[in-house]
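With chain A fixed as given, assemble chain B onto it according to the hints.
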Amino acid sequence: MGDGHVDAAYHPRWLRPHVSTYWWLQKPSYLVFILREASCMFVAWFVLYLLWLIRAVAGGAPAYRQFLDWSATPWVLLLNAVTVVFVAFHAVTFFQAAPQAMVLHVGGRRVPTHLVLAGHYAAWVAASAVVCWLLTGA
Amino acid sequence: MPDRIRLQVARYRPELESEVTFDEYEVPCPKDWVVLDGLNHVKDRIDGTLAYRWSCRMGICGSCGMTVNGEPKLTCATFLADYAPGPVRVEPLRNFPVIRDLVVDIGDFMRKLVKVKPWIVRQAEKPLSEGEYLQTPEQMEEYQQFSMCINCMLCYAACPIYGLDPKFIGPAAIALAQRYNLDNRDEGAAERMEVLSEHEGIWGCTFVGECTKACPKNVDPAGAIQRYKLTAAVESMKSFFLPRGA
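Protein chains in written order, with my numbering: chain A, 1 to 138; chain B, 1 to 246.
Hints listed in this document are in silico derivations from the structure and should not be mistaken for laboratory results. Take the hints with a grain of salt, since some may be wrong.
[What the hints assert, rightly or not] Distance condition first, Cα-Cα at most 30 Å in a straight line; then the derived DSSO-like pairs of lysine-lysine:
#	chain 1	residue 1	chain 2	residue 2
1	B	Lys217	A	Lys27
2	B	Lys213	A	Lys27
3	B	Lys31	B	Lys43
4	B	Lys213	B	Lys115
5	A	Lys27	B	Lys31
[Said to hold, decoys possible] Far from chain A, by Cβ distances over 10 Å, these chain B residues were calculated:
#	residue
6	Gln8
7	Cys56
8	Ala81
9	Gln123
10	Ala124
11	Glu138
12	Ile150
13	Pro160
14	Asn184
15	Leu242
[Said to hold, decoys possible] Here's a subset of chain A near chain B, in silico, CB distances under 8 Å, partners left out:
#	residue
16	Arg13
17	Trp14
18	Pro17
19	Val19
20	Trp23
21	Ser29
22	Tyr30
23	Phe33
24	Glu37
25	Met41
26	Gln100
27	Ala101
Just so it is clear, CB atoms sit at the ideal spot from N, CA and C, and this is done for glycine as well.
Okay, chain A solo, but in the shape it has when bound (with noise of 0.2 Å):
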């Protein structure tokens, strides 16, 4: 098979397929991908909204009294509100890729995806909580 035979690339007769610059929008579950894709951008927000928490914090009470109040005003709030479900949504959705890339063996044995799948939201579950401890027990 090599180029200059009838299967090369290119042949005049032949009726070339045309992807449109809106496929995403054809199914859903290619609508959920590229939402998953722009989840990124969110999860990128927060990692960002968190280093300027940790600055203000070190820059003594003034400057964390402002943070609070930037942090109060409806634009940041409406930001975050809609990082929140994106920020969820990554994790689901990366929670349900997880196994399929994911092969573990355990005795010899390999560990059925369910497991998996429950192993990660275990975690998530054990880190939150570690998380609102900090936040009210501590």
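Same frame as chain A, but now just chain B:
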């Protein structure tokens, strides 16, 4: 259940037209007829000029893949009754050049498939006198899922990344590479990695996951690709920290 159903079939006759048109045919719809039966009825009784591929009629040869109502399907395993009352729209597989009617050019896939060496590679064959290469059921289970691939290319038709970037080596080629990489008799993983770790290899995949949904044999090409990404990343780190090997 209706006793007949309408098929809207994509036609492309390069000597007559420059775009796809649709012809409509009414075909019988008994409960055991698949889309391929409907196309065969059209070809035999109504319009002998219709061009499409098929062979085994039992989900093994992988040649009758087409787009049925927008989804990539093996037409030998897609029942007309499931689409009642119709119509059923039959188009060529997406993301491939159309040669005629429902026939697409598969040359691109065939060239890519050979690149990943989908066969057992041995650095040195052992003599026949030493017997066969034995394998335990557990060793076979490691790759068996990926060996179910029938090269039907539904995964390529489902993959928007392949549609946008035809250089992407694609789901089935990577799944078949993994079928041999995970086979304990094989010694060709390093040779395959040269092809798979390129930008157009595994890293072209953004894990849309449609290939796995479309696969009629539950091969899970998306899983094969993500697993191989992990392998390639570990190998890359090893070569960075242990440049002389370990």
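The hints, checked one at a time:
Straight-line distance between C-alpha atoms of lysine 217(B) and lysine 27(A) comes to about 22 Å, which keeps the hinted pair within the 30 Å bound. A C-alpha spacing of about 13 Å is found between lysine 213(B) and lysine 27(A), which places the hinted pair at or below 30 Å, so the restraint holds. For the suggested pair lysine 31(B) and lysine 43(B), the alpha carbons sit about 20 Å apart, so the restraint of at most 30 Å is met. Restraint check: the Cα-Cα separation between lysine 213(B) and lysine 115(B) comes to about 25 Å, which is no more than 30 Å; the hinted pair holds.
Distance restraint check for lysine 27(A) and lysine 31(B): the Cα-Cα separation of roughly 28 Å lies within the 30 Å cut-off, and the hinted pair is therefore satisfied. Distance check for glutamine 8(B) against chain A: the nearest CB is about 18 Å away, which clears 10 Å, and the non-interface claim stands. For cysteine 56(B), the shortest C-beta to C-beta distance to chain A comes to about 22 Å, beyond the 10 Å cut-off, and the non-interface label holds. No Cβ of chain A approaches the Cβ of alanine 81(B) within 10 Å, the least distance being about 24 Å, so the stated non-interface status holds.
Listed as outside the interface, glutamine 123(B) is consistent with that label: its C-beta sits roughly 26 Å from the nearest C-beta of chain A, beyond the 10 Å cut-off. With a closest Cβ-Cβ approach of about 29 Å to chain A, alanine 124(B) is found to remain outside the 10 Å limit, as its non-interface label requires. The beta carbon of glutamate 138(B) is not kept farther than 10 Å from every beta carbon of chain A, the shortest such distance being approximately 7 Å. With a closest Cβ-Cβ approach of about 20 Å to chain A, isoleucine 150(B) is found to remain outside the 10 Å limit, as its non-interface label requires.
Its closest Cβ contact with chain A, about 6 Å, brings proline 160(B) to no more than 10 Å, contrary to its assignment away from the interface. Annotated as non-interface, asparagine 184(B) keeps its C-beta farther than 10 Å from every C-beta of chain A; the closest such distance is 14 Å. With a closest Cβ-Cβ approach of about 24 Å to chain A, leucine 242(B) is found to remain outside the 10 Å limit, as its non-interface label requires. Evaluation of the arginine 13(A) hint against chain B yields a held restraint, the C-beta minimum of about 4 Å falling below 8 Å.
A distance limit of 8 Å between C-beta atoms decides the matter here; for tryptophan 14(A) the minimum to chain B is near 4 Å, and the interface restraint holds. At about 6 Å, the closest approach between the beta carbon of proline 17(A) and any beta carbon in chain B falls short of 8 Å, and the interface hint on this residue holds. The criterion of a C-beta within 8 Å of any C-beta in chain B is met by valine 19(A), whose closest approach is roughly 4 Å, and the hint holds. Hint on tryptophan 23(A) holds. Least Cβ distance to chain B is approximately 6 Å, under the 8 Å limit.
For serine 29(A), the interface hint holds, the least distance from its beta-carbon to any beta-carbon of chain B being 6 Å, beneath 8 Å. Because the closest C-beta pair between tyrosine 30(A) and chain B is about 6 Å apart, less than 8 Å, the hint holds. For the restraint placing phenylalanine 33(A) at the interface with chain B, the shortest Cβ-Cβ distance is roughly 5 Å, inside the 8 Å limit, so the hint holds. A cut of 8 Å between beta carbons decides the hint on glutamate 37(A): the least distance to chain B is about 7 Å, and the hint holds.
Hint status for methionine 41(A): violated, given a least beta-carbon distance of 15 Å to chain B, over 8 Å. At about 4 Å, the closest approach between the beta carbon of glutamine 100(A) and any beta carbon in chain B falls short of 8 Å, and the interface hint on this residue holds. Because the smallest distance between the Cβ of alanine 101(A) and any Cβ of chain B comes to about 3 Å, under 8 Å, the interface hint for this residue holds.
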